[in-house]
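Q: Numbered as in our numbering, the sequence shown ends at 92 without a single skipped number.
Just so you know, these hints were derived from the structure itself, not from any lab.
Every residue gets a Cβ at the ideal spot worked out from N, C-alpha and C, and that includes glycine.
It is possible that part of the hints are untrue.
Have a look at the derived ranges for each label pair, beta carbon to beta carbon [stated by the list, open to error]: (1) Ala81 to Ala34: 16 to 22 Å; (2) Met54 to Ile77: 31 to 37 Å; (3) Gly44 to Ala81: 31 to 37 Å; (4) Glu26 to Asp86: 19 to 25 Å; (5) Ala21 to Ser60: 18 to 24 Å; (6) Ala81 to Leu19: 20 to 26 Å; (7) Ala56 to Ala21: 17 to 23 Å; (8) Ala21 to Met54: 29 to 35 Å; (9) Ala21 to Pro52: 30 to 36 Å; (10) Leu61 to Gly23: 34 to 40 Å; (11) Ala56 to Thr17: 28 to 34 Å; (12) Gly76 to Arg27: 18 to 24 Å; (13) Asp59 to Met22: 22 to 28 Å; (14) Lys20 to Asp73: 23 to 29 Å.
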Amino acid sequence: MQDAHLHPLVTSLKAMGSSERQQWLEQAVVHAVRQVIGQEVGKDEPLMEAGVDSLSAVALQTQLQYDFGGIHMPATILFDYPSVQQ
């Protein structure tokens, strides 16, 4: 697949260095979690322990899809990635 056919966000992320990309993604997820549950979370704090339940997990999936420009996120994203760093 050529870059011209990729989602603009993917193209931007590919242009970043590895650590810059990791930091950007972590900040974006922390922001989305804050939008959904109304509080800050640590990068390695389990999201379910921070107050994300099944209803807010769906809201988090929706928020992440919106924040990431419509890129599909699986409904199981919280269970696949239980913290920001995972």
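Q: Going through the numbered hints above, which ones does this structure break? Give me the numbers in ascending order.
A: Hints 2, 3, 5, 7, 13 and 14 contradicted; others consistent.
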